[in-house]
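Starting from the known structure of chain V, fit chain U onto it as the hints suggest.
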Amino acid sequence: DQQVKQNSPSLSVQEGRISILNCDYTNSMFDYFLWYKKYPAEGPTFLISISSIKDKNEDGRFTVFLNKSAKHLSLHIVPSQPGDSAVYFCAASARGGGSNYKLTFGKGTLLTVNP
Amino acid sequence: DVKVTQSSRYLVKRTGEKVFLECVQDMDHENMFWYRQDPGLGLRLIYFSYDVKMKEKGDIPEGYSVSREKKERFSLILESASTNQTSMYLCASSLSGALTDTQYFGPGTRLTVL
Numbered sequence: 001d002q003q004v005k006q007n008s009p010s011l012s013v014q015e016g017r018i019s020i021l022n023c024d025y026t027n028s029m030f031d032y033f034l035w036y037k038k039y040p041a042e043g044p045t046f047l048i049s050i051s052s053i054k055d056k057n058e059d060g061r062f063t064v065f066l067n068k069s070a071k072h073l074s075l076h077i078v079p080s081q082p083g084d085s086a087v088y089f090c091a092a093s094a095r096g097g098g099s100n101y102k103l104t105f106g107k108g109t110l111l112t113v114n115p
Numbered sequence: 001d002v003k004v005t006q007s008s009r010y011l012v013k014r015t016g017e018k019v020f021l022e023c024v025q026d027m028d029h030e031n032m033f034w035y036r037q038d039p040g041l042g043l044r045l046i047y048f049s050y051d052v053k054m055k056e057k058g059d060i061p062e063g064y065s066v067s068r069e070k071k072e073r074f075s076l077i078l079e080s081a082s083t084n085q086t087s088m089y090l091c092a093s094s095l096s097g098a099l100t101d102t103q104y105f106g107p108g109t110r111l112t113v114l
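Those sequence lines, one after another, are chains V and U. With this note's numbering, the residue at position 104 of the first sequence is 104, and numbering never jumps. With this note's numbering, the residue at position 69 of the second sequence is 69, and numbering never jumps.
No lab work stands behind these hints, which were simulated from the structure alone. All the given hints hold, so there is nothing to weed out.
If you want the ones that stay clear, here's a sample from chain U, every Cβ over 10 Å from chain V, calculated:
hint	residue
1	K18
2	R68
3	K71
4	T83
5	Q85
Here are the simulated lysine to aspartate or glutamate pairs, DMTMM-like style, with alpha carbons at most 20 Å apart:
hint	chain 1	residue 1	chain 2	residue 2
6	V	K56	U	D101
7	U	K70	U	D51
8	U	K3	U	D51
9	V	K5	V	D31
10	V	K5	U	D59
11	U	K3	V	E42
12	U	K57	U	D38
13	V	K5	U	D38
14	V	K54	U	D101
15	U	K3	U	E22
From a predicted model like this one, the values you see are computed outputs, not experimental measurements. No residue lacks a Cβ here, since even glycine has one placed at the ideal position from N, Cα and C.
If we strip away everything but chain V, and leave its shape as in the complex, we get (with noise of 0.2 Å):
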């Protein structure tokens, strides 16, 4: 059962444009959620978290919404740029072997922003 789903395989917005990724979630144990960005042949690579506490966070040109009764996440990129092209995961954090919490990982959205 997929516990962290991304809807949207795909996403195509214009340069400029925002860019709205979504992602729900269904186990309530998740306490911290992050987005992690990759390019083709390339590991993810981190961008943004939030913690189950807050619902919004921000930094530059993305900011992350979180609203908990919904289950729901949000990626925004304002403005969007070409080299955002790449692939985003949402992913949730809860307790994995004893006190150590490992990540559950949404199937991701390929994002392109065309110039």
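Chain U alone, transformed into the frame defined by chain V:
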């Protein structure tokens, strides 16, 4: 900067072969992870380790084993490779197992099993 390296970028093996994928991190991180990435399935956790000689099963451990004899090195072993193990394998590490720890990923190994 954290550096996570993987021994091979591309690997081609035959069905039934024993395959070793090696991962090394240079930042004295406690935790290390192995994922596989498949189209339409995202990243799925195979195994992770939070200390030397310690390991925990992830979501899809079947057909895999791991070894962590030194803190900086985490190996993924396919005892008898099968075609359904053709995938992109990603190693990651994090400072500790804390809630807010960031995982740093290597560049990945694309394994093809014929």
